[in-house]
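What follows is the residue order along each chain.
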Amino acid sequence: MNPLRADLQIVADWVDSGERVLDLGCGDGRLLRYLFDSRNATGYGLEIDPEGITQSLANGINVIESDLDEGLADFEDDAFDQVILTQTLQAVQRPDQLLREMLRVGRTGIVTFPNFAYYKLRYHLAVRGRMPMSDALSYAWYETPNIHFCTIDDFEALCEELGIHILERRVVSHDLKEPLLARFLPNLFGEVALYRICRADR
Amino acid sequence: MSEQFPEDSVGLVTPAHVRFDEALELESGHSLPGFELAYETYGELNAEASNAILVCHALSGNHHAAGYYEHGERKPGWWEACIGPGKPLDTNRFFIVCSNNIGGCHGSTGPVSDNPDTGKPYGADFPMVTVRDWVRSQARLADYLGVERWAAVAGGSLGGMQALQWAIDLPERIRHAVVIAAAPRLSAQNIAFNEVARQAIRSDPDFHEGRYAVAGSRPRTGLMLARMLGHITYLSEAAMGAKFGRDRRGEEDDFGFHYDVEFEVESYLRHQGQSFVDRFDANTYLLMTKALDYFDPAAKFGGDLERALKQVKAQFLVASFTSDWRFPPSASREIVRALLDTNKRVSYAEIRADHGHDAFLMPVPRYIDVFGTYMQRVAAEVGA
Numbered sequence: 001m002n003p004l005r006a007d008l009q010i011v012a013d014w015v016d017s018g019e020r021v022l023d024l025g026c027g028d029g030r031l032l033r034y035l036f037d038s039r040n041a042t043g044y045g046l047e048i049d050p051e052g053i054t055q056s057l058a059n060g061i062n063v064i065e066s067d068l069d070e071g072l073a074d075f076e077d078d079a080f081d082q083v084i085l086t087q088t089l090q091a092v093q094r095p096d097q098l099l100r101e102m103l104r105v106g107r108t109g110i111v112t113f114p115n116f117a118y119y120k121l122r123y124h125l126a127v128r129g130r131m132p133m134s135d136a137l138s139y140a141w142y143e144t145p146n147i148h149f150c151t152i153d154d155f156e157a158l159c160e161e162l163g164i165h166i167l168e169r170r171v172v173s174h175d176l177k178e179p180l181l182a183r184f185l186p187n188l189f190g191e192v193a194l195y196r197i198c199r200a201d202r
Numbered sequence: 001m002s003e004q005f006p007e008d009s010v011g012l013v014t015p016a017h018v019r020f021d022e023a024l025e026l027e028s029g030h031s032l033p034g035f036e037l038a039y040e041t042y043g044e045l046n047a048e049a050s051n052a053i054l055v056c057h058a059l060s061g062n063h064h065a066a067g068y069y070e071h072g073e074r075k076p077g078w079w080e081a082c083i084g085p086g087k088p089l090d091t092n093r094f095f096i097v098c099s100n101n102i103g104g105c106h107g108s109t110g111p112v113s114d115n116p117d118t119g120k121p122y123g124a125d126f127p128m129v130t131v132r133d134w135v136r137s138q139a140r141l142a143d144y145l146g147v148e149r150w151a152a153v154a155g156g157s158l159g160g161m162q163a164l165q166w167a168i169d170l171p172e173r174i175r176h177a178v179v180i181a182a183a184p185r186l187s188a189q190n191i192a193f194n195e196v197a198r199q200a201i202r203s204d205p206d207f208h209e210g211r212y213a214v215a216g217s218r219p220r221t222g223l224m225l226a227r228m229l230g231h232i233t234y235l236s237e238a239a240m241g242a243k244f245g246r247d248r249r250g251e252e253d254d255f256g257f258h259y260d261v262e263f264e265v266e267s268y269l270r271h272q273g274q275s276f277v278d279r280f281d282a283n284t285y286l287l288m289t290k291a292l293d294y295f296d297p298a299a300k301f302g303g304d305l306e307r308a309l310k311q312v313k314a315q316f317l318v319a320s321f322t323s324d325w326r327f328p329p330s331a332s333r334e335i336v337r338a339l340l341d342t343n344k345r346v347s348y349a350e351i352r353a354d355h356g357h358d359a360f361l362m363p364v365p366r367y368i369d370v371f372g373t374y375m376q377r378v379a380a381e382v383g384a
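Heads up: the sequence lines are chains A and B, in that order. Following the working numbering, the numbering of the first sequence begins with 1 at its first residue and continues without gaps. Following the working numbering, the numbering of the second sequence begins with 1 at its first residue and continues without gaps.
Bound conformation, chain B alone (with noise of 0.2 Å):
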């Protein structure tokens, strides 16, 4: 068969899965008696394990960050615009890693795995996770691949607030931080959405307390709507301006005066609720936007984001987007401002952008260069 991908992707992939049996005690004060990490490798290691980049996904994301699983496939890994050849993570220089982050549900343990006290599905059971803990899983990770220390940990809004973790926790393991569209803790706006995200899936008749694998169901409704408020709020007023205006879908002039889809709006929030349902969990998601909202690591220093950072060594690369009002470029220098204070290495970019948060998954020129420029920075360093 002949290829059919482009160029600079990474073509087809497979993912791998690894399992620990070491439990992994979590900051809950609960512990998993081992886990299963789903994960995907690009490029190659080098003899020195030197060139090791980690990608953290975002909230709905998982392993799959890069290429396609067959031919013909429509879609690529979701950081496809950032990881490739020639790409700023270049798959000619680095060995690029992504993990499911445990919780997940697309192949790391997590409420769809089952649990192996009741051999059914952990569903509501499964015990909450937060940023810390992906660190360390990821860390049990880099162990199993040989990795001592990362060239770089990168990710964008919930993978770069784990970049941010992964240098205050394992500082000795981790040489840049590359941290896109994050926050040093969420604002109450942002926890706000997200709890009417987790009410809109637990008030759903058929989330049955999170039990509905065992009754046979699935939230649909709620999980829909979570999804539909979370991509409003990844979009810029602009960019929605400029994809749909007020356009209407079908041919009339006049309104229809009925609640079936009618503006173009309406059409593509509820296709984006409809296909988010059938590839993602609803535990999941409220797990994931718990240690969303959980994430603070000035909170163990007294709410003193410089003492946090003190352990640092990590060089740091911080972008925001300034259309992005989900994690807006404030948030990102308030990041700046205290690895400033604390004379750590950082380089900072506001890129103009309209696409609102999601701009950090987007080909934008900018935002290429820039990540592209550092990581060729990164590459000369670490011999890549």
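Okay, chain A solo, but in the shape it has when bound (with noise of 0.2 Å):
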């Protein structure tokens, strides 16, 4: 099977054998089919791009046509052990609205994101005078289906704010790499932000 992309790795390296999974946006089903073989995971993937549906029927995931700005009313409450939602918060019309949805239907979430104030696009932005674009950012601003850009210290905020709890934060480089200046500044530094989320209540 082919391999994963760079940063999906970490997200299944913090999924347990045997959880409950459900994948916001889950594109071709590549993550939902790794957990389900390595893992024994179970559970959905959801996805609105007929493509990625279609491809992730071919890889054997149970895939339901969903717009995630919908909310996620089809599922209970706890129905999942991980709710993971990569490189899809900045592309939803209420990233604050969705993040409170997958605490409810489950116990702990997974959120990656680009890091908008990455410094090479601080560069783009402040000195070239343009909209940054990246390795981690590759759209063009008109055609750009990221409408809700925020920053590592943004986002961190707005869970504070909702009462979410970080379990655990890695910041990354698109390759993967975690570069030592990411540690002692990860807004500055980091370019992708993956964390591991819970509400702050449980």
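Hints are computed from structural coordinates only; laboratory data are not their basis. Positions of the beta carbon are idealized from the N, C-alpha and C atoms, including for glycine. Treat the hints loosely; a few may be bogus.
[To be verified] Below are the EDC-like pairs computed for lysine to aspartate or glutamate, each with C-alpha atoms no more than 20 Å apart in a straight line: (1) B:Lys-344 - A:Asp-81; (2) B:Lys-310 - A:Glu-76; (3) B:Lys-310 - A:Asp-77; (4) A:Lys-120 - A:Asp-154; (5) B:Lys-300 - B:Glu-27; (6) B:Lys-310 - B:Asp-293; (7) B:Lys-290 - B:Glu-25; (8) B:Lys-310 - B:Glu-172; (9) B:Lys-344 - B:Glu-306; (10) A:Lys-120 - A:Asp-135; (11) B:Lys-313 - B:Asp-341; (12) B:Lys-344 - B:Asp-304; (13) B:Lys-344 - A:Asp-135; (14) B:Lys-344 - B:Asp-114; (15) B:Lys-243 - B:Asp-354; (16) B:Lys-290 - B:Glu-27; (17) B:Lys-75 - B:Asp-293; (18) B:Lys-313 - B:Glu-262; (19) B:Lys-344 - A:Asp-78; (20) A:Lys-120 - A:Glu-178; (21) B:Lys-300 - B:Glu-73; (22) B:Lys-344 - A:Asp-154; (23) B:Lys-344 - A:Glu-19; (24) B:Lys-344 - A:Asp-37.
[Unchecked claim] Coverage of chain B stretches by chain A, computed from C-beta distances (three or more under 8 Å per stretch; other residues unrestricted): (25) 69–83; (26) 330–337; (27) 340–346.
Bring the two chains, given one by one in their own frames, into a single complex with the hints.
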């Protein structure tokens, strides 16, 4: 089977054996397939893109055509061990509401997103005066599905506001290296952020 | 004679008949002393009998799901879009079975069959049948064909409801259920349409309380109206608009100020209605609409569909079409939701299509893609 996208490997390592997983925006279903095979996980993928849905079917996962902007009303409270949202937070209408929904239907959540405060992106905007593009952000401004960019500091502030507890954070470059500088100044040197979260009242 | 059929068609087919002499107790409390099923098969049953698929037909369908009865025939079976070599229900891999439902009028025991008690056609005396009755009658066909467990039961509309009922009633005998453009139960609006159709038939002076065969007549007008009404609801406004618009027949620019056919859509509906009357029985139409209205697998579980699905072992593919207002995506989603809440394995696709409910019969590319991809998975699983 195809290797996992680099950031997905970290995500997969956060999933324990036999867990029930919901993958929001599952794409071609590769992560779930990997979790089914290597972790004996069960669960569903939600996807809106027809191509992704067909590929997910071909990958043998359970995929439900869904619009994340309509919430997760099809799922009951605490139906999953893990609800995963990779590289999709910035593309939904209301990231705050989706985060709440994630932690309503799931015990824990995993969120990954491109850090908009990454120094190269800052350079694009501050020095060149152009909307940023990078290896992790490859769309031009007029065609991007990404409508709600945020930074590592923004995300953590939102978690605070929503009563979400951060269990673990990883900050990496797009090729999954963990630059030394990102350890000290994550919001400046981290290109992709990965979080494990749960409700603070748990 | 040279082959005249498309390469992806099963080509010439011949219907088969089988008679079951053991009585069939019906949900209504009545029983049939025995019954006959007309059916067709396409493809070959493998040695393990693991590659068999049951296709269930909708309201006005029958066992002729694919292929042609003779050379030069214009119209193939009703699910030609999905059954054949290389199609989603790939006859190179699967053994496909489609039977005419009991109560039907194309060879299976129904109102046009002779009542053994009287030697005359049953007509109105044919007992009402339900989707569960059909499942039980089809289980006998499975026994007869040596199929312990269907690789899949598939259908659209009322056929999809049968697939769902199969998964509920005989969980050990079905690996996959393919439920297309269906609903867990009919809405009030749906029942209302069915009731208008029934009243059209029953109020026809030639109906004779359903004993029209004995009276030597047929309620042609009523059945035609029923079909015309049904046909409107199977199409979307956009599809009708695109196909007919306000186009009128003939050359004249002016209105005719008469009640003969003037608009193309009138012509189309009348043609659909009239050709339907030639191939369908009014009592069967009444029975089928009642079976639709009664279908509600949750009813026996206090209206709780999740409880109804508890014993289900099958994996599901559920699909709906965006422009289908007779069995809208929201109805399919209800099925999906209940399956999700009971941790069943389910996939769901909402296909963008303008054809309305009838889209399930059409070769809509994404529909074929989704259905085909899923069935390849089934084929791999059963070694087909």
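Violated hints - listed by number, lowest first
6, 13, 14, 17, 18, 21, 22, 25
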